[in-house]
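Colleague: Let's have the full structure, built from the sequences with the hints guiding it.
Chain by chain, the residues run as shown.
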Amino acid sequence: METFNNFLGGTAALFGDPVGIFIFLGGVIGGMLFGAIPGVSMLTLAAILLPFTAHLSPEHGIMLFSVIYCTGVYGGAITAILFNIPGAPENAPTAFDGYPMTLQGKAGKAVGAAVMCSAIGGTVSCVIMMFATAAIADWAISAFGPPEIFALVFFGLAVAASVGAKTFWKGWLSIMAGLMIAVVGLDPVGGIERYNFDMPYLAAGIHFIPTILGFFAVSEIFVQAEKKATGAYKAPKLSVDFPTFKELWAHKIAVVRSIIIGFFCGILPGIGATLAAFMGYNEAARWSKDRLKFGTGQIEGVISSETANNSATGAAMIPLLALGLPGGALTAMMVGVFQMHDMEPGPLVFLNSPDLVWVVFAAMFFANLSILLVGFLEAKTIVNLLRIPFQYLAPMILLLATVGAYAVRGLTIDIVVMFVAGVAGFFLRRSGYSVAGIILGLILGKIGEQTFAQAMQMLHFEFSGFLSRPIALGLLIAGAITIFGSIYGAFFKKQPVPTAAQDDSAQSL
Amino acid sequence: MNFKKYLKSTAVIIGAATLSAGTAWAECATDSLPGEMAKPDGFPARALTMVVPYGPAGGSGQVAQAMAQAVTDLTGVSINRDHKPGGSGTVGMTAYMATPADGYSVMEHIDDAASAHALDSGRPNPAEDLIPLVTSQITFSQVYIRENEDRFSDWPTFVEWVKAQDGKATIANVSKEGSMERVTMKFITDATGMKIQQISFDKGAPRYGALAGGQVDALFEQPGDVRKFLDAGKFKPILTILKEAPEAFADVPSLTDVGLDFEPLFRFRGFYVKAGTPDDRVEWLKWAFQKAYCEEGYQAYNESKFMTLIESFRDTDGSKELITSTIAQYRDVYKEMGLEVK
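Those protein sequences? They're chains A and B, same order as listed. Everything in the first sequence is counted per my numbering, starting at 306 for the first residue and increasing by one. Everything in the second sequence is counted per my numbering, starting at 73 for the first residue and increasing by one.
Hints in this document: simulated from the structure, not taken from any laboratory. Each hint can be trusted.
Below 20 Å or equal to it, Euclidean Cα-Cα: the simulated EDC-like pairs (lysine to aspartate or glutamate) are:
1. B:Lys267 - B:Asp333
2. B:Lys414 - A:Asp503
3. B:Lys258 - B:Asp238
4. B:Lys414 - A:Glu498
5. B:Lys407 - B:Asp192
6. B:Lys267 - A:Glu767
7. B:Lys358 - B:Glu108
8. B:Lys240 - A:Glu767
9. B:Lys358 - B:Glu200
10. B:Lys275 - A:Asp492
11. B:Lys392 - B:Glu355
12. B:Lys308 - A:Asp443
13. B:Lys275 - A:Glu754
14. B:Lys275 - A:Glu498
Note that the structure is a prediction, hence the values are computed from the model and not measured.
Modeller: Set out below in structure tokens:
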């Protein structure tokens, strides 16, 4: 009851102030737009706005960033679905099935599913956040140290290898390729340079955002250009038919599963929405009765990815607010907003500034709900971008992707990486390798290597140390079972291979 | 390796006199500078670019933002921050060295630039290849434990407990090869005879979470970065790595108090312009950045980050002195550690 009263108080404070309403709406629309425009992201908007928050009240500043966070994570789904360009890394799995749906003339259903499920995932995690922030935060950092996070990464990679590629070997080779790319740069423990060939810029490593833009946006343009040149190009059919309630209800289990996965990934510092989306998608593919059709335009793929990444947003606020531990770049910027007002997120915020906390909670709740309204309106208009002829659309996409690749770190090498990934993706997609596997190997490889090194240091370089940590052990066993299961399926049961790589209308995951 | 001999013979210029505890700076370091300075031949005629070799959310990103804002408030000249993270500052430094020496590009960097040059003289020397405009943050490190820790409560009981673990005790830090953290921990472990496993976390949040969640036994960090945990009563310092404890941590033993005799290493952040930049432009930039240090907004920022516990300001000459002595100190330590010094 106290929680409900606090929530009502936060809501009254939020909507009882015209300035607050204006900032809230600005955050909702700004987050969606910057999330949706390829090449820029909610981080770009946040970085632009950060200095100006000094002139806002602490409540308004933090509320603005939390609203941008909620809607920005959703916004990237639109371009992922319509143009195969994820607005942000956490929207990458959305493109796996969302874009094939667009090619099949089901863009409206995919966008509608993304709107609905982003709102559901975000709202549910927001409600859990309101009720259990302190308890969950303490549990998460106590139960999940480097050994557990490494085990989670191992499990994630094991699942990813079994989904999306044409064969067992191609799945694992894709993952391994991603892991190899991840080791370029400084090693995460000693800071020793590896595979940078004396090029200082490579010391920074290969960033996954230019790689994603290359594998998805650039390679897609190559694919479509080839079709255009050979006369096989068909413009995507325009559709604004949103999914029916019955269609969404049929995937309720996938929604619940993705909420849990997303929430779980969100509360772990440094993990966040990207891993949430990939794991949500992978688990959906693994348990679905239509598993072999994933990657060809399954609405369940969009549902699972978008539910999970938005579910991670509320969860990521838990370690930030309760402990002062930001889980990713945007939440780290929120720390900056706090500090501009001589405040620090952490346990004292709940004691010293309960009004602020509940305004933020209320704003996030309503921001997720507003995705439903503004998202539907936005989707109805943005879908019309598909009317633009390919020869005009392609250069615009390439330009935006190039700007986006450069904007990550201001390094020219990231543009080179993007185009190399584009060419590689063009050939890999037709050869049955898993582009998603490479991306996930790259993202998880960095986390996995670091946490493995930390785990080994903590466990005194004895593998048996994992046996004494039940959660880590459970995840490692689950990963091993997944691997053996896929080996058994591939070599003994002779399971049919996924059709994604064979279907010309779809992409190889 | 005779570290005691090294520790006693090393003469580091960062004197205890300037780092004395409890000094109150009622007057700011650059109050005597003029409030205005004519722009030399109209410089700067456009916005400056500040290369920051780390991300926007960390300590460097925050100090860059605070200083850029202070310079803009003072002079009206805008500063665009260009973050180029990666390679422990290497990427940003490389990018900066490729810019023209016209004064329109300045750079933020930290003591890592000095330690990188100490290890490899092929890397730019911040005191020679760059001109320090101002060093605006100098801070010290501490060792922290959880407030509710029941296995040990202070430095002596911590050392005793660590020794009993026979190398199985852990401390979270940024233990990159040759880093300030690793070198300082070597000073401490050699002097006390304790063996402790250093767990490297390159980002702050997982590092602090590791201590808060009981994944590690202690944490090596600077006080400004963990202020919220100190204010919340979650962490407590058990050792201040200074010769004398500052007033704010008067009840926390210093190196002298626990019988450790080595010259402490400091984390410092400052702003630079390329050597070769026209002198009149350098002079204007020096004035702008040094005067901006005393702007109210910047001082409030430093205060919030515990950056006023010891003197954080160095002008150009003071910065050169600080950097040069730091390089010499690191180089000697690296040789003692058996690292390949190029």
